[in-house]
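Novice: Here's the letter readout for the chains.
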Amino acid sequence: MTTDPGLEGLAGIVVHDEIVPARAPWLHHVAAGQTLRIVDLEGNQAVDFLVYSAADDAERYSAQDTVAAQGNLFLRTGSVLLSNEGRPMMTIVATSVDYHDTIGGACSCESNTLRYGHHTKSQHACVDNFLEANLREGRGKRDMVSNINFFMNVPVEKDGTLGIVDGISAPGLTVDLRAEMDVIVVVSNCPQINNPCNAFNPTPVRMIVTA
Amino acid sequence: MTVLADPMAAREHARAMAGTIVEAMPCLPPEASDLPAGVAAEDLVWEETVAPGGYAARRLARGSRLRLIDLQGDACASLLIYNAEMPTERLNVADTVKVQWNAYLGAGKLLLSDMGRVLMSILEDDAGTHDAFCGTSNARTNAAKYGEGRNSGPFPNGRDRLLLGSAKHGLQRRDVHPCINLFKGTRIEADGTITPLIGPFEPERKVVLRAEMEVIVVIANCPHVLDPRDQWSVTPLRLTAWRGAVTPEDDPIRNATPEGQRAFLNVEDYFRR
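Protein sequences appear in the order of chains Z and G.
In terms of the working numbering, the first sequence opens at residue 1 and continues consecutively.
In terms of the working numbering, the second sequence opens at residue 1 and continues consecutively.
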C-alpha cells in the first residue's frame, strides 16, 4: 500500500528515486522502456531538460524537429521528443500541467547580462549546470542545444511578443516521460531568480524512474 | 576504349568546359551590377547563387554585409552562424527570441550567440516571412515526404546540407545547432499551433545581414520542413557580400533596446584585446 502521492499512477517498479536540490544539475541514464517522472514538489519550478542518445551522444534532443513534427510549440501529453536526426527519444506519456515550454532556452551567465544587466553575471545559471553535468561524460559546449523547460510558461502573443511569465504548474504536479531509446537525461534545476520561471524562489524537484 | 582513355584527351575534355555559365554557381572574382549606392566594387567579397537543394559556407569579416535574394520567390535559406575564431560559440535561437522578447525576425533584430553577443544583425528585410522555430528537414522527414532525402539523391534535406557546409570548416555533427529560416516563415497561434508561410512569394525579396563578429555562415537552400506541397519545391538563392564598417556606437539598431545595447557592449568587450 503506497501513500506516496508522488508515485500515484506510475506503473512498474521504482528503480531510482532522488530529490534534486534547488539550483543543482542532475544526470541520469534512462533505458529504453523505462519511465522518468519529474515532480514539481513546491510548484512553478522550471526544470531545464536535455536528452542525448546513450549510443551516440551526437544525436540529441531537437526542439526544432519536435515542434515542427507536431505542428505546435507547446509540449503536452503525447508529444514525442525527437532527436536532431528525427528519431523518437522520449514520449510525454502523461502530465498534470497543461503544457511545457521548449522555445525559451536555458538561462546563462552571458544571456543574463543581456536580459537583466551585468550585475547578474556572477549568478548561477542553467547553462553552467548543463555544462557541469555534461563535462563528466566528455560532452561540452558544442553539445548544448535548445532545451525543454518543464513547468515553465512561455506564451507567444499575436504580434510575436513572448516572455517567461507566471507559471501554470503547482505543488505536486508531474510529467512522465517514457524513453524510446537508451538515453542520457541532463537536467538543470533552474536557479534563475530574475524572472517568474521559478516564482523567484528555486525549489527542489523529485526524479523517479520506473521500469 | 574511348578517346578519353588518353589522359591528354581527358585533359582537353575537362579544359573545354571552362567558361560554362549556369544559373547556380559562384562568380569569381565577384562581380555584381546591383550593389547599393556607396558600396565600391572592390569591396565586393562574395557573389554566388546557391542551387535549389544546394548549400554554401563562408567566413565573413566583422562589418561585412551579406545580402540574400530569393531570386524566384521560392528559396528557403536555413542559416547557421558560428564565431569563426571560436566555433563553440554559435547562433542561439532561444536566446535570440527570448532576449528580444519577440518570436519574429525582421529588420532591426539581432541574431544572438550563446555567449550574450550579437553574431549578426538584420539591417534590411523586405520579406517579413522568416522562422526561428521549425529548423530544417532531415533525411527522415524528406524520406517520408518525397520518398528519399539523401545528399546523393534528387531531394537533399537541409540538415545534411548544413552538416556538409559545417564540415568544410572543420566542424562536426555535434556542432550543427538549431538554425533560422529566412524567406519561409511561421506564425504562432495562441494555442501554440505553428502556421507555416511558404508562398511562393514574389521574386527578388531580399534580406541584408551585418556581421557583428568574425563569423562563419552556413546556408542550406532546401524546402522548408513544413512545406505543404507534395513536390520538392525550391528555387535558387543569390548571396552577395561586401566589406563594411564595424557598427558604430550611434548605430540605430545597436541602440534600439537596452538588451541589444548590452549585447553590443559584450561584442566590444570580446574584441578588446
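Calculated from the structure, these hints are not laboratory results.
Careful, some of the hints might be misleading.
Unchecked claim - Pairwise CB distance ranges (calculated):
id, chain 1, residue 1, chain 2, residue 2, range
1, Z, T161, G, D43, 49 to 57 Å
2, Z, G78, G, L4, 53 to 61 Å
3, Z, D159, G, R273, 17 to 25 Å
4, G, A107, Z, P171, 58 to 66 Å
To be verified - Computed footprint of chain Z on chain G, listed as stretches where at least three residues anywhere in the stretch have a Cβ under 8 Å from a Cβ of chain Z:
id, segment
5, 128-137
6, 161-175
What the hints assert, rightly or not - Facing chain G, a subset of chain Z residues (Cβ under 10 Å, in silico):
id, residue
7, A68
8, E85
9, A211
Positions of the beta carbon are idealized from the N, C-alpha and C atoms, including for glycine.
Novice: Check each numbered hint against the structure and report the violated ones by number, ascending.
Specialist: 1, 3, 4, 9
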